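Student: Can you build the whole structure from these sequences, using the hints too?
There are 2 protein chains.
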Amino acid sequence: MGRWKANARERLEQAALELLLERGYERATVAEITERAGLTKRTFFRHFADKREVLFSGQEALYKLFVGAIVGAPASATAIDAIGAALEAASAVFPPERRELARQRQAIIAGNTELQEREMLKRASLAAAMVGALRERGVTDPTASLAAELGGLAFRTAYARWVDPANHQEFAELARQALHELKTATSEIA
Amino acid sequence: MGRWKANARERLEQAALELLLERGYERATVAEITERAGLTKRTFFRHFADKREVLFSGQEALYKLFVGAIVGAPASATAIDAIGAALEAASAVFPPERRELARQRQAIIAGNTELQEREMLKRASLAAAMVGALRERGVTDPTASLAAELGGLAFRTAYARWVDPANHQEFAELARQALHELKTATSEIA
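Chains as they are written, first to last, in our numbering: chain A, 1 to 190; chain B, 1001 to 1190.
Take the hints with a grain of salt, since some may be wrong.
Per label pair, the in silico range of CB-to-CB distance [what the hints assert, rightly or not]:
id: 1; chain 1: A; residue 1: F45; chain 2: B; residue 2: H1180; range: 44 to 54 angstroms
id: 2; chain 1: B; residue 1: E1018; chain 2: A; residue 2: Q169; range: 48 to 58 angstroms
id: 3; chain 1: B; residue 1: G1132; chain 2: A; residue 2: A107; range: 48 to 58 angstroms
id: 4; chain 1: A; residue 1: G132; chain 2: B; residue 2: K1041; range: 38 to 48 angstroms
Here are the computed lysine to any residue pairs in the SDA-like style, where the Cα-Cα straight-line distance is at most 20 angstroms [claimed, not checked]:
id: 5; chain 1: A; residue 1: K122; chain 2: A; residue 2: G138
id: 6; chain 1: B; residue 1: K1064; chain 2: B; residue 2: R1137
id: 7; chain 1: B; residue 1: K1041; chain 2: B; residue 2: T1029
id: 8; chain 1: B; residue 1: K1183; chain 2: A; residue 2: V67
id: 9; chain 1: B; residue 1: K1122; chain 2: B; residue 2: G1058
id: 10; chain 1: A; residue 1: K122; chain 2: B; residue 2: G1152
id: 11; chain 1: B; residue 1: K1122; chain 2: A; residue 2: I80
id: 12; chain 1: A; residue 1: K51; chain 2: B; residue 2: K1041
id: 13; chain 1: B; residue 1: K1122; chain 2: A; residue 2: N112
id: 14; chain 1: B; residue 1: K1122; chain 2: A; residue 2: T113
id: 15; chain 1: A; residue 1: K183; chain 2: B; residue 2: E1181
id: 16; chain 1: B; residue 1: K1122; chain 2: A; residue 2: V67
id: 17; chain 1: A; residue 1: K183; chain 2: B; residue 2: S1057
id: 18; chain 1: B; residue 1: K1183; chain 2: A; residue 2: D141
id: 19; chain 1: A; residue 1: K183; chain 2: B; residue 2: G1152
id: 20; chain 1: B; residue 1: K1183; chain 2: A; residue 2: E188
id: 21; chain 1: A; residue 1: K122; chain 2: B; residue 2: T1113
id: 22; chain 1: A; residue 1: K122; chain 2: A; residue 2: V67
id: 23; chain 1: B; residue 1: K1051; chain 2: A; residue 2: D141
id: 24; chain 1: A; residue 1: K51; chain 2: B; residue 2: Q1116
id: 25; chain 1: A; residue 1: K122; chain 2: B; residue 2: E1114
Derived by calculation from the structure, the hints in this document are not laboratory data. Note that the structure is predicted; figures quoted are calculated from it, not measured. The C-beta atom is built at its ideal place from N, Cα and C for all residues, glycine as well.
Tutor: Encoded structure:
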């Protein structure tokens, strides 16, 4: 089994992306996704709570990278430094070869309100994870919430540029740039 | 008709809050809500796209207050000043007599993931409305997005304190306080 089972998640994700692009989110069924992936519905629901979740497969890994980097940043790091380290760590899950898949995924989400809702919930979960990690560093509110919002905004800005077909920069570079722009704006706004 | 029809929205909202608290969000049906309100399902769906929307009845009015205040702030106002004016204007829809209803509503939303997702979508819509209004004032990105995030965070902080049974301050006061705290944190973080 090993290898075959190990990549069930990825195969389901890939099959789902293909099918949802072909048939639209509403029309494609879980049965069709699992058939294309050569797996069973049972396997699907062992990995994903519902049809929507297959498009948010990498979220847990992303949270872990964010939290790990924030908690693990040097004691001398400010809240924003820790957020910068988190964005740097997150770039591991956005290698150039994932860019086309990410574009397809965004196109599917953009076309469906239910998926947008799920995305917003994930966004809030990521912000909450960042706040929790910052608190572990001794950062109190409202600074923890503020830094998490800045981190979320920098992340979304970088991600939007990364999936833009006109852009060819790497994710880590885009993230550094977005955070830098936000820091500048922050120092001017207060 | 006049008065009777005019407050159909409010009657549906009130009936929904009662029923959803009694029976839980999943179990209460639109038919039961309309029956309690003495109205028809057709009237319900003229006012709300789905069962969830009845809990977000005031959102459009809220967006309008935010946008109106941001666009209408004096030319000399900074982005943050405009956000402050928006929070001040928003307090019109959070009078003391709405506080108990707001608490009930939050309790229902807290118990259901679908409702939380809808709330997150509304949160994103409010942020987008703020960004749009700030751009109309000539505020460019990333400052517009940053100010909108600060405004959203101040709003959520104030709202959470306002629905907290231990709190007795007025919404406008809580909003000013939350924005002030965030401004201080912002000047320290950059």
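Student: With reference to the structure, classify each hint as holding or not holding.
Tutor: Hint check:
Evaluation of the 44 to 54 angstroms hint for A:F45 and B:H1180 yields a pass: the beta carbon distance comes to about 48 angstroms. For the pair B:E1018 and A:Q169, the supplied restraint of 48 to 58 angstroms holds, since their beta-carbon distance comes to about 54 angstroms. At roughly 23 angstroms, the beta-carbon separation of B:G1132 and A:A107 lies outside the given 48 to 58 angstroms, and the hint is violated. With their beta carbons about 43 angstroms apart, A:G132 and B:K1041 fall inside the hinted range of 38 to 48 angstroms.
Of the pairs offered as hints, the one joining A:K122 and A:G138 is violated, with about 24 angstroms between alpha carbons and a cut-off of 20 angstroms exceeded. As the CA atoms of B:K1064 and B:R1137 are separated by approximately 16 angstroms, the hinted pair is consistent with the 20 angstroms bound. Proposed proximity of B:K1041 and B:T1029 is supported: the alpha carbons are some 10 angstroms apart, at most 20 angstroms. The suggested pairing of B:K1183 with A:V67 is violated, with an alpha-carbon distance near 26 angstroms, which exceeds 20 angstroms.
Under the criterion of a C-alpha separation no larger than 20 angstroms, the hint pairing B:K1122 with B:G1058 is consistent with the structure, at around 11 angstroms. For the given pair, A:K122 sits about 17 angstroms from B:G1152 by alpha-carbon distance, which is consistent with the 20 angstroms threshold. A threshold of 20 angstroms between alpha carbons decides the hint, and for B:K1122 with A:I80 the separation of about 27 angstroms lies outside it, so the pair is violated. Of the supplied pair hints, the one linking A:K51 and B:K1041 is violated, its CA atoms being roughly 29 angstroms apart against a limit of 20 angstroms.
Between B:K1122 and A:N112 the CA atoms are separated by roughly 15 angstroms; this keeps the pair inside 20 angstroms, and the hint holds. Under the criterion of a C-alpha separation no larger than 20 angstroms, the hint pairing B:K1122 with A:T113 is consistent with the structure, at around 12 angstroms. At roughly 18 angstroms between alpha-carbon atoms, A:K183 and B:E1181 fall within 20 angstroms of each other, so this suggested pair holds. A hinted pair counts as satisfied when its Cα atoms are at most 20 angstroms apart, and B:K1122 with A:V67 does not qualify at roughly 26 angstroms.
Proposed proximity of A:K183 and B:S1057 is contradicted: the alpha carbons are some 36 angstroms apart, above 20 angstroms. Among the hinted pairs, B:K1183 with A:D141 is consistent with the structure: their alpha-carbon atoms are about 12 angstroms apart, no more than 20 angstroms. Taking the CA atoms of A:K183 and B:G1152, the gap is about 18 angstroms. The hint holds against a cut of 20 angstroms. A threshold of 20 angstroms between alpha carbons decides the hint, and for B:K1183 with A:E188 the separation of about 11 angstroms falls inside it, so the pair holds.
With a C-alpha separation of about 12 angstroms, the suggested pairing of A:K122 with B:T1113 holds against the 20 angstroms cut-off. Our distance criterion of 20 angstroms between C-alpha atoms is met by A:K122 and A:V67, whose separation comes to about 15 angstroms. With a CA separation close to 35 angstroms, the supplied pair B:K1051 and A:D141 exceeds the 20 angstroms bound. Restraint check for A:K51 and B:Q1116: the C-alpha separation of about 18 angstroms stays at or below 20 angstroms, so the hint holds.
Pair hint A:K122 plus B:E1114 holds up; C-alpha atoms about 13 angstroms apart against a cutoff of 20 angstroms.
Going down the numbered hints, you'll see the structure goes against 3, 5, 8, 11, 12, 16, 17 and 23, while the others check out.
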